[in-house]
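**Student:** Sequence:
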Amino acid sequence: MEFSGPIWHWRGPAPHYFVTVPEEEAAKLKAASKFVTYGWGMIPVHVTIGGTRWPTSLFPKDGRYIVPIRANVRQKESLEEGQDVTVKLEFRT
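Numbering (the working numbering), first residue to last: 1332 to 1424.
Rather than coming from a laboratory, the hints here were simulated on the basis of the structure. Any given hint could be a false lead.
As the list claims (entries may be wrong) - List time: in silico DSSO-like cross-link candidates among lysine-lysine, alpha-carbon distance up to 27 angstroms: (1) K1407 to K1419; (2) K1419 to K1359; (3) K1392 to K1359; (4) K1361 to K1392; (5) K1419 to K1365; (6) K1365 to K1392; (7) K1361 to K1419; (8) K1392 to K1419.
Generate the whole structure from the sequences, applying the supplied hints.
**Tutor:** Okay, here's the thing in structure tokens:
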């Protein structure tokens, strides 16, 4: 699955950066989630942005999913808040 979206910053006690999965793709993920989730609706995936690929899990949020973007990935790919990025997802087993 591939989509694009802006990077946003959650300013919680442990700040993180995310990209929200668009509605159409989120619906497809939700349909597959019962086969791949390991609890709390989290979906294990491999994410690719630019030339960087890493394992993580999608978090359910507001009926969709969010993709966490690691600090080392943001640095390596020169990513900033508000920037649109292309995200590739693959289910992880």
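**Student:** Under the constraints set out in the numbered hints, which ones does this structure not fulfil?
**Tutor:** none
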